[in-house]
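Going down the list, the sequences are from chains A and B. The first sequence begins at 1 in this note's numbering and counts up one residue at a time. The second sequence begins at 1001 in this note's numbering and counts up one residue at a time.
Hints are computed from structural coordinates only; laboratory data are not their basis. A quick note: this is a predicted structure, and the numbers were derived from the prediction, not measured. The reader is advised that the hints may include incorrect statements.
[As the list claims (entries may be wrong)] Calculated pairs, DSSO-like style, for lysine-lysine (alpha carbon to alpha carbon, straight line, at most 30 Å):
no., chain 1, residue 1, chain 2, residue 2
1, A, Lys240, B, Lys1014
2, B, Lys1258, A, Lys221
3, B, Lys1014, B, Lys1143
4, B, Lys1092, B, Lys1014
5, B, Lys1258, B, Lys1014
6, A, Lys240, A, Lys7
7, B, Lys1092, A, Lys221
8, B, Lys1014, B, Lys1250
9, A, Lys75, A, Lys53
10, B, Lys1204, B, Lys1092
11, B, Lys1204, A, Lys221
12, A, Lys7, A, Lys75
13, A, Lys159, A, Lys186
14, A, Lys221, B, Lys1143
15, A, Lys240, B, Lys1092
16, B, Lys1092, B, Lys1143
17, B, Lys1204, B, Lys1143
18, B, Lys1258, B, Lys1204
Chain residues, written in single-letter form:
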Amino acid sequence: MFVFILKRLLQSVAVLLAVGFVAFSLFRYVGDPINAMVGQDTSAEERETLREKLGLNDPAPIQFLTFIANAAQGKFGLSYRTSEPVGRMILERVPATLELSFCAAIFALFVGVPMGVYTGLYPRHWTSQLFQAVSLIGVSLPTFLIGIVLILIFAVWLKLLPSFGRGETVDLGWWTTNFLTWSGLKALILPSITLGLFQLTLLMRLVRSEMLEVMRTDYIKFARARGLTNRAINFGHALKNTLVPVITVAGLQLGALIAFAIVTETVFAWPGVGQLFIQSVQFADIPVMAAYLLLIGLLFVVINLTVDLLYFAVDPRLRSQGGAARVAGH
Amino acid sequence: MAAPSNNPPLLEVKNLRVEFPTRRGTLLAVDDVSFDIAPGEVLGVVGESGAGKSLTGNAIIGLLEPPGRIAGGEIRLEGRRIDDLPYEEMRKVRGARIGAIFQDPLTSLNPLYSVGHQLIETIQTHLPLSSAEARTRALDLLKEVGIPGAETRIDHYPHQFSGGMRQRVVIALALCAGPRLIVADEPTTALDVSIQAQIIALLKRLCREHGTAVMLVTHDMGVIAETADRVAVMYAGRIAEIGPVRDVVKHAKHPYTKGLMGSIPSLGVRTERLTQIDGAMPRLTEIPTGCAFNPRCTERGGRCLVERPDLMAVGATRAACWQHDRGGVGPAIVREAVDA
Ligand SMILES: Nc1ncnc2c1ncn2[C@@H]1O[C@H](COP(=O)(O)OP(=O)(O)OP(=O)(O)O)[C@@H](O)[C@H]1O
Ligand code: SF4
Ligand SMILES: [Mg+2]
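Make the full structure from the sequences, and use the hints.
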């Protein structure tokens, strides 16, 4: 198991280096950063000094290494757009995105999984059919449309919930949170639903098909023959066996939630990193874009590692095989 | 060690019918099957694939898979009718009064729980024992079924056991709440030939010690001859012949049974002829009128094509064949049918 984790760690580092290379390439090949930083009337000489100072004349490999070393310390330079340190700009906005994604994930998990279990256990019941039909809408409608419809209903018509922004937040020094004010909590509702709906339906459908599959297995039939209660069979035996694929998908989807919060943040004017990224793209603000890329890369890597570790917790077969085969038979 | 006949039977199956509604009409897969099992008795059930053996077993444990359903007849355990019990009532019977063992030990155990967990969970579902007491009982059972090093093995997971060891665990699970009857559906078919005999011997010994009756479904006539007290031969959803194992194996009364005995040369029980039965069992949609076996029967007569024989007593055995009726099989069939 130790070897397995070590391998995974090395793989993660390789992935991050690859992402770093892409981010770095942005600097080198997308526009000339000097143009973005200085005015029209700066002389060629001044530009050259700046170039030298920023290390832009060093050979590419050296520049790459410098870039990686800086990135590892959270230094991404100054934003072309606001001239603020990129690291700080991102950190300021991370809480907004993480809180939104967290709520969306909770929503997707705590509504999607029970719905999946229910539809898996009672596939013929009319509520299951209804869930199935609704879930089709969930997967097929684009996020922005769902957001706009929700805004229309709950903000414009019913005037129950705010349509944009985070509401009042409380600054904890290193983190600003929505969770401590009434208006902050209310502001979270619509964006979380919008962001989490797709993942909710995805989880529901996954859990449903896994449940249907597991309920047909011999060990469930044998559990019935042993006279176990329905409760023990459905939740103890069946649901647990759906966990490995569910954890995988839920984990990856958590990453996707954060990464694709961009659209939701734009629709709801949510001041998160996604919104920052969109602004940066408009201004070709390469340092911010690069930092965002790396952040998302890091996130996926961390989530993947966590998912791998959870497998070990769930499936005893992996614990003894050393994880050589990722849950053969699933 | 069949119980004396004046004992009331442990299990009574009367006129059991199992059917499947399909788009093209209803299929009758088990048709008017009746038999008893006495306390502690081992009833072997044999027959070709698709004869309805598993469906009969599943009907008894109340686990017919929908859309299959009991369409008629009744099943009584210890005098109490169990075929029409509500799910929750029947659940309490399963495991506690009737245990079950299925074909494939590799897939019968939940891979995510230790065998101890699965044993303790079953024990505590049916018996009012504390966790510690249940664990002791689980440990005793594992020792009883011959798991070496039971003290450590109890915390191991199914994948850490071999197929034979897993089937032993399955037997322990079936026995752990002290059932009076075990329905064992081809318990060794999926196992290596070399361990099949061990498992059957174990099952037989344990059931004798616990006084548990067994309905043993198998294709292996050798196993039947060695293990069963009585044997029921099924054909196309009906019982063709049922009786004490010696009579059925050595002096089969039904032409199908004779053929069946002949088609298994390695049973260690001498049969005079090594006949193979030509043809195949008819599909449920194509069961002929008269005797279902008539297309393959070499001894049939005109009556066999028209009238369906019920079980009739022939000595200690009962067989569903007109040969044993006073009226006989009827006129010889002149035109040799090619339909077989
Ligand atoms: N779900 C179903 N729908 C329709 N017919 C079915 C269904 N399940 C079983 N049958 C039919 O019922 C008949 C009896 O099946 P059963 O499983 O009892 O046979 P078996 O004697 O146990 O055979 P085997 O030796 O292969 O296990 C078969 O002809 C089969 O085609
Ligand atoms: S009833 Fe007729 S066809 Fe059927 S087994 Fe007896 S002899 Fe053969
Ligand atoms: Mg079968």
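Is A:Lys221 within 30 Å of B:Lys1143, Cα to Cα? With a Cα-Cα distance of about 25 Å, the restraint between A:Lys221 and B:Lys1143 holds, given a limit of 30 Å.
Agreement of A:Lys75 and A:Lys53 with the hint, judged by alpha carbon distance not exceeding 30 Å: 16 Å, holds
When you check the alpha-carbon spacing of B:Lys1204 and A:Lys221, does it fall within 30 Å? 24 Å, holds
Between the alpha carbons of B:Lys1258 and B:Lys1204, is the straight-line distance 30 Å or under? Between B:Lys1258 and B:Lys1204 the Cα gap is close to 26 Å, so the pair holds against 30 Å.
Holds or violated: B:Lys1014 with B:Lys1143, Cα cutoff 30 Å? 38 Å, violated
For the pair we were handed, B:Lys1092 and A:Lys221, check the Cα-Cα distance against 30 Å. 15 Å, holds
Would the pair B:Lys1258 and A:Lys221 pass a check requiring their Cα atoms to be no farther apart than 30 Å? 35 Å, violated
Take the C-alpha atoms of B:Lys1092 and B:Lys1014, compute the straight-line distance between them, and say whether it is at most 30 Å. The hint holds at about 22 Å.
Please work out if B:Lys1092 and B:Lys1143 have their alpha carbons no farther apart than 30 Å. OK: B:Lys1092 and B:Lys1143 at ~26 Å, within 30 Å.
Distance restraint between A:Lys240 and A:Lys7, which requires alpha-carbon spacing of 30 Å or less: Distance ~27 Å between A:Lys240 and A:Lys7 Cα, so the pair holds.
Just to be careful, I want the Cα atoms of A:Lys7 and A:Lys75 compared with a cutoff of 30 Å; is the pair within it? 28 Å, holds
CA of B:Lys1258 to CA of B:Lys1014, is that 30 Å or under? Measuring from Cα to Cα gives roughly 26 Å; hence the hint holds.
The structure is inconsistent with the numbered hints 1, 2 and 3, although it conforms to all the rest.
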